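Participant: Sequence:
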Amino acid sequence: MERGVRAILVADVVESIRLVELDEEGTIQRWQDLLKLADSVVFSRMHGRIVKTLGDGVLVEFKAAREAVAAAKELHALVVSGNEDISLDKHIMLRIGIDFDNVILQSEDVLGRGVNRAARLMSLANPGETIVSSGVRDSLTDAVDGMIEDLGECFLRHYPRPLRAFRIASTSNGPQLPPGGFDIKLRPVLAIVPFQPTLGDEGTDRTGDVVSEEIIRIVSRSSDIAVVSRLSTAALSARLLTISEMASLLKADYILSGFYCVDRGIVMLDAELAESGSETIIWADKFEVPLTAILGRESSPCDRIAAGLFGAITLNELSISRKRPLPTLKSYTLLLSAVELMHHLSPVDYQQSRRLLEALIDRSGRQAVPLAWMANWHVLRVIQGWSEDLEQDTNLAMRNCETALDSDPECELALAMDGFANLHLKRRFDIAESRFDDALQSNPSCAIARLLKGTMYAFSDRGDLAVKETENAISLSPLDPHRFIFETHCAGAHLSAGNFQRAEELARMAYRSNRRHASALRILTVALWELDRRDEAHEAARALLKIEPDLTKDRYLKRSPNSDFKIGRRIADVLQLAGIPA
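Per UniProt numbering, the very first residue in the sequence shown carries number 1; after that it's consecutive.
Here are the computed lysine-lysine pairs in the BS3-like style, where the Cα-Cα straight-line distance is at most 27 Å:
#1 K251 with K185
#2 K566 with K426
#3 K90 with K185
Label pairs and their computed distance ranges (CB to CB):
#4 R49 with D23: 24 to 34 Å
#5 T198 with E149: 50 to 60 Å
#6 D430 with S244: 51 to 61 Å
Note that these hints are calculated values from the structure, not bench results.
Here the structure is a predicted model, which means the values were calculated and not measured.
For each residue, glycine too, the CB sits at the ideal point set by N, CA and C.
Use the sequences and the hints to build the structure in full.
Facilitator: Written out as structure tokens, the structure is:
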């Protein structure tokens, strides 16, 4: 085979599916016109040759890496120029990857590792950006060939080892993003408008403000939803505005509003949550509570409202993710849906969760939060007993954590997940504890870090500390949509502390919420046995084997971090006594 050293440029149209669905003939024609123009005024001048078009992409070979980078810069400029006088939602945007390597040359094609690497590097780019390999970077001069940013070691799909990557600055103004188009906003924005009195209300002028302020306070504790400030929403109080008008003014994806009426000391609240894009109501409920409870800031009705809107937003985003192509989904839709499906613990949903996270990581590059959740995905896969290759899942979890922390060393979720991975997959209790402490130093209210730190104590025969940390975690996250995870970890803490009755109660609560959670059933089995309720323990063990048919005492000990401690050996012994094979 003939070989030669070439710079390989791979370019891809961002959100091509959405663009084609919006304007099939127009999009295809503009893309073809762009390629013709680029070939005549850019590629030929830079000694480049279009090897092939890839539907919504193109592969071009150059003899010199510097010429390929210069061509990429001009290609981005042509795209910006071509978008003039075109509506924003129809703008074409490119992301480009370039590698420089010894490749296989054919008369009408170019093959080899360099082609594959260029395509994978392209997946790291944001719209209007070019990502290059270290081989290309070596041929460039910073500030002369563009502003060059070192991205460090990047983990690319299907590559066993990370690759060093560099970002070439985007065009001067950069492409504008169409409404609802490509973005890397990882949290939907919620605006909570002060509740308004109905006619004849006898309450104080502050009742509606107090209700909205309390809901804002509760929801603001979540890392999954961004909340518009109270001062911004208060400015719209009592104004006759439509959902779309409020959403436009507040830049909100969801609007919570409502009315209240006071009758003989009883406040009746009528709340509704609207999706700003469709202006449809996705959740509504009514509440009655004493006026003294509202003015005294007792939060029970506001807790219920907050819990309702949390669940409604998650289910709405999950529904959207099931109906639309991945390239058209907002980034927070991908993230919320991936996390929700991951915690369903259904094998089919679990795989879809991974696909959503991969799409988000391809889009957002080295954003810490998606990478941290991908690490969590691999750890949970091992815990559930679904891993087909323990070493591979361990390596992928650790790599995702490393990349996330390289991107954001203070990301509390990434720190917690790195501790989680070190605890369960590496059994490095010292590193795990250090990571949990770092996460809590970054945010003392990080419930997931406190929960996992408690589990580390439970694994290492420190039951009392485990109970303290896990109970604290539950109090910090009373509205978490995946509460069964918190209940399971807390049940394990009580099991380690010898509080078998409380362990049983919590394990049953978790199991009722998700009957595919193997950890809850393991704890329930052991707690029932220790309470001398042997028949129920045998029944729980049989249910456990239906979820995890390959479970044995030996496999449990091999994969569980507590196997070197008294609690781990006792759990393994009891599981065998209850009917789990040796």
